[in-house]
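**Q** Let the sequences and hints guide you as you build the complete structure.
Protein chains: 2
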Amino acid sequence: MNFNTTGEHSADFKELRKQKIERIEKILTAYLPKEEGYQRVIMEAMAYSLMAGGKRLRPMLMQETYRLFGGEGGVVEPFMAALEMIHTYSLVHDDLPAMDDDELRRGRKTTHVVYGEDMGILAGDALLNYAFETAASAFEEYPEESLRIGKAIGILGKKAGIYGMLGGQVVDVKETGHSVEKEVLDFIYALKTGALLESAMMIGAVLAGAKEEEIRIVEKAAGKIGLAFQVQDDILDVTSTAEVLGKPIHSDEKNEKTTYVTLLGIREAEKVVEKESVEAVELIRGLSGKNPYLEWLLGELIHRKK
Amino acid sequence: MNFNTTGEHSADFKELRKQKIERIEKILTAYLPKEEGYQRVIMEAMAYSLMAGGKRLRPMLMQETYRLFGGEGGVVEPFMAALEMIHTYSLVHDDLPAMDDDELRRGRKTTHVVYGEDMGILAGDALLNYAFETAASAFEEYPEESLRIGKAIGILGKKAGIYGMLGGQVVDVKETGHSVEKEVLDFIYALKTGALLESAMMIGAVLAGAKEEEIRIVEKAAGKIGLAFQVQDDILDVTSTAEVLGKPIHSDEKNEKTTYVTLLGIREAEKVVEKESVEAVELIRGLSGKNPYLEWLLGELIHRKK
Numbered sequence: 000m001n002f003n004t005t006g007e008h009s010a011d012f013k014e015l016r017k018q019k020i021e022r023i024e025k026i027l028t029a030y031l032p033k034e035e036g037y038q039r040v041i042m043e044a045m046a047y048s049l050m051a052g053g054k055r056l057r058p059m060l061m062q063e064t065y066r067l068f069g070g071e072g073g074v075v076e077p078f079m080a081a082l083e084m085i086h087t088y089s090l091v092h093d094d095l096p097a098m099d100d101d102e103l104r105r106g107r108k109t110t111h112v113v114y115g116e117d118m119g120i121l122a123g124d125a126l127l128n129y130a131f132e133t134a135a136s137a138f139e140e141y142p143e144e145s146l147r148i149g150k151a152i153g154i155l156g157k158k159a160g161i162y163g164m165l166g167g168q169v170v171d172v173k174e175t176g177h178s179v180e181k182e183v184l185d186f187i188y189a190l191k192t193g194a195l196l197e198s199a200m201m202i203g204a205v206l207a208g209a210k211e212e213e214i215r216i217v218e219k220a221a222g223k224i225g226l227a228f229q230v231q232d233d234i235l236d237v238t239s240t241a242e243v244l245g246k247p248i249h250s251d252e253k254n255e256k257t258t259y260v261t262l263l264g265i266r267e268a269e270k271v272v273e274k275e276s277v278e279a280v281e282l283i284r285g286l287s288g289k290n291p292y293l294e295w296l297l298g299e300l301i302h303r304k305k
Numbered sequence: 000m001n002f003n004t005t006g007e008h009s010a011d012f013k014e015l016r017k018q019k020i021e022r023i024e025k026i027l028t029a030y031l032p033k034e035e036g037y038q039r040v041i042m043e044a045m046a047y048s049l050m051a052g053g054k055r056l057r058p059m060l061m062q063e064t065y066r067l068f069g070g071e072g073g074v075v076e077p078f079m080a081a082l083e084m085i086h087t088y089s090l091v092h093d094d095l096p097a098m099d100d101d102e103l104r105r106g107r108k109t110t111h112v113v114y115g116e117d118m119g120i121l122a123g124d125a126l127l128n129y130a131f132e133t134a135a136s137a138f139e140e141y142p143e144e145s146l147r148i149g150k151a152i153g154i155l156g157k158k159a160g161i162y163g164m165l166g167g168q169v170v171d172v173k174e175t176g177h178s179v180e181k182e183v184l185d186f187i188y189a190l191k192t193g194a195l196l197e198s199a200m201m202i203g204a205v206l207a208g209a210k211e212e213e214i215r216i217v218e219k220a221a222g223k224i225g226l227a228f229q230v231q232d233d234i235l236d237v238t239s240t241a242e243v244l245g246k247p248i249h250s251d252e253k254n255e256k257t258t259y260v261t262l263l264g265i266r267e268a269e270k271v272v273e274k275e276s277v278e279a280v281e282l283i284r285g286l287s288g289k290n291p292y293l294e295w296l297l298g299e300l301i302h303r304k305k
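Chains G and Y are the protein sequences, given in the same order.
Following numbering that gives the first Met the number 0, the numbering of the first sequence begins with 0 at its first residue and continues without gaps.
Following numbering that gives the first Met the number 0, the numbering of the second sequence begins with 0 at its first residue and continues without gaps.
Hints should not be assumed to be uniformly reliable.
All copies of an identical chain are treated as equivalent in the list; a pair is satisfied when it fits inside any one copy or across any two copies.
To be verified - Below, a list of computed lysine-lysine pairs in the DSSO-like style, where the Cα atoms sit at most 27 Å apart: (1) K305 / K219; (2) K173 / K108; (3) K210 / K150; (4) K108 / K305; (5) K289 / K108; (6) K150 / K173; (7) K173 / K33; (8) K181 / K13; (9) K33 / K219; (10) K246 / K256; (11) K181 / K33; (12) K274 / K13; (13) K173 / K289.
By construction, these hints were calculated from the structure, which means they are not laboratory data.
**A** In C-alpha cells, the structure reads:
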C-alpha cells in the first residue's frame, strides 16, 4: 500500500497542509462571535479554547471530502467551524474537575483554570449551542441549498450526541477503572473517536451533493479511519516518548485503561491499524472523484508519530 | 383589563390547561430516546430531568401561538420537545456544584445528585445536543416545510445561546454577589428569562407561516411577558410564603441579589408587571388570529401566586 508519505509529493503535501490549517483557522476566527456586550467573557472563553491550535483534522477532512465530490462553494465553511466548535466543547467539558480534571492541554491552561469552573461549564455549553447556530446560519447564506443543509445539521447532531461522540464519552466515563471487553471498547472507539470523523466526511459529501450510497461508503471509511487513528494512539502511548508525543506516555497503564494494546498486544494492534487504514483508503479510491491530498492525509494521520 | 381569570370560562380554561399539560408530556415522552445500549444511563438521566413536572410553559406557548396563526399540523411537536429539552438542560447545569449547587428541585433530587456530577454535566450536554437533533428530525418528517424548519432552528439556536438564555446566565453568574444597575438587570431578565419565551412564540409563528412583521410583534409581546413573569417572581419572593410558592422565600435577599423589588420597591414593581402584561396582551390581540385560551394563559402566568 502506497500512502505517498515518502513519495515525491510528500514535501509539497506537507507544505499544503500547513497552508490549509492556516486557512481553516481564518474560517474559525471569522465564525467566532464578536467579543462584546455584558456577556463578553463567554465569547473570550470560546475563542480561548477554539483557537488553541491542533491538527484541525475534522474541518480538514470535511473540506477535502467536499472537494472529492466536486464541491466548490462556501456552504461547507459554517459546517467546518461548527464541527470544530463541537470537538472543542467536548474537550472543555472533558477537562473539568468533575471529569478528567486536567489543568493543561497542549501546554496551555485549560479553559476552566483560566475562566473558573462555572464559566468552563458555560463556555462548553456556549460552543455546543453556537455550533448549531453557525450551521443554521447557512440557511440564510445559502437558501438554495436548504435541503442539503438540513440533512447536514441532522448528521451533525446525531454524530455529536448520545448515538455518537457523547454516547462514547458516557461509556468511557462509566467504565473508567474497570477492564472492559473488546465489544465495549469497540463501542467507545466507534462513538467517541469515530463519530465526529464520520460526521466530518459525511457532511462534506452531503453538502457536495453525493448520492446516498456514496455517503454510506464515506461513513464506513471514516469509521475505519477513526478506529485506526485511535488504535495508533494506544500504540504511541506505549512506544513513543513524552518529548515526541507532547504529552505524558504510559497514561493508559496509569489510568488502568483497557486499550487495543492491553487486549491484543502491540503487534496485533499494529495489524489492526494497517488493515483498517488500507480498507479505508480503498473505499475512498473506489469512489468516482479523486483527491490525492486527502489520500495522503489519511496515510499521514494513521502513520503519525504524535 | 380583563384577562378572563375570573370570567365564566376560567374553570373551563383551568381544566383545559391540565389536559394540555398531559398532552405535552406525552409529546415529550415520545421524543425522548429509547433507554437502551451501553450508554443507557444517559438516556435515563435525560428522562429523569425532562419528566420532572413543571408548567410546560414554553412548549405550551409555542403550540398556542402556532394555533393563533392557524397552524394545524404536527411540525410544531418536535420543536416543543426541543425547547423543553433546552430549558431542562439549563436547569441541570444551573444546579451543578460549580454553579448554584442545588440538591433539590421541585422536591426531587437534582440530576447530578442522582447520577453523579460527571453524568450531570453529560446529561445537560446530551439534552442540549438532542434538542437540535429533535428539531432537525422535522426535516425528514416534514420535508415540504424545510424552509420554515430551517428558520425555526436558527431562532431556537440564537435564543438559547450567547445572545439569548446562555448570555443572560453568564452575566447573572458573573454578577452574583454584586449589586447591579437596572440596565444590567434588564439585560439579564431579557436574556435569561425572556429569550426562551420569545423563542417559543416566534417558532410557533414561523412554523404556522406568520409574516415577518407578525413574528416581530410576537417577539416583542413575548419579551414583555418574560419581563412581567420575572418581576412577578421577584415580588412573590418577598410577598408569598414557602408553602404557597413551593420553594424558599426571601432567597433574593439571602443571595444579595438585585431585583426589581430591591431597585424600585414592591409597588413600582407591581406597576411594571401590570404595564408589561397589558401591553403584551394588546400586541397579541392586535394580530389577525384569535386564541382566547392563549390570552387567558398569559393573564394566569402573570397574576400567578406561585
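**Q** None of the hints should be skipped; say for each whether it holds.
**A** Comparing the hints with the structure gives:
1. K305 / K219: within (25 Å within a copy, 54 Å between copies)
2. K173 / K108: both (26 Å within a copy, 21 Å between copies)
3. K210 / K150: This pair counts as both: shortest intra-copy Cα distance 13 Å, inter-copy 26 Å.
4. K108 / K305: within (21 Å within a copy, 44 Å between copies)
5. K289 / K108: neither (41 Å within a copy, 56 Å between copies)
6. K150 / K173: neither (32 Å within a copy, 38 Å between copies)
7. K173 / K33: Close across copies (19 Å), not inside one copy (38 Å); limit 27 Å.
8. K181 / K13: neither (35 Å within a copy, 56 Å between copies)
9. K33 / K219: Classified as between; 25 Å across copies, 38 Å inside a copy.
10. K246 / K256: This pair counts as within: shortest intra-copy Cα distance 17 Å, inter-copy 44 Å.
11. K181 / K33: Classified as between; 24 Å across copies, 46 Å inside a copy.
12. K274 / K13: within (24 Å within a copy, 65 Å between copies)
13. K173 / K289: This pair counts as neither: shortest intra-copy Cα distance 42 Å, inter-copy 51 Å.
When the structure is compared with the earlier hints, violations turn up for hints 5, 6, 8 and 13 and for no others.
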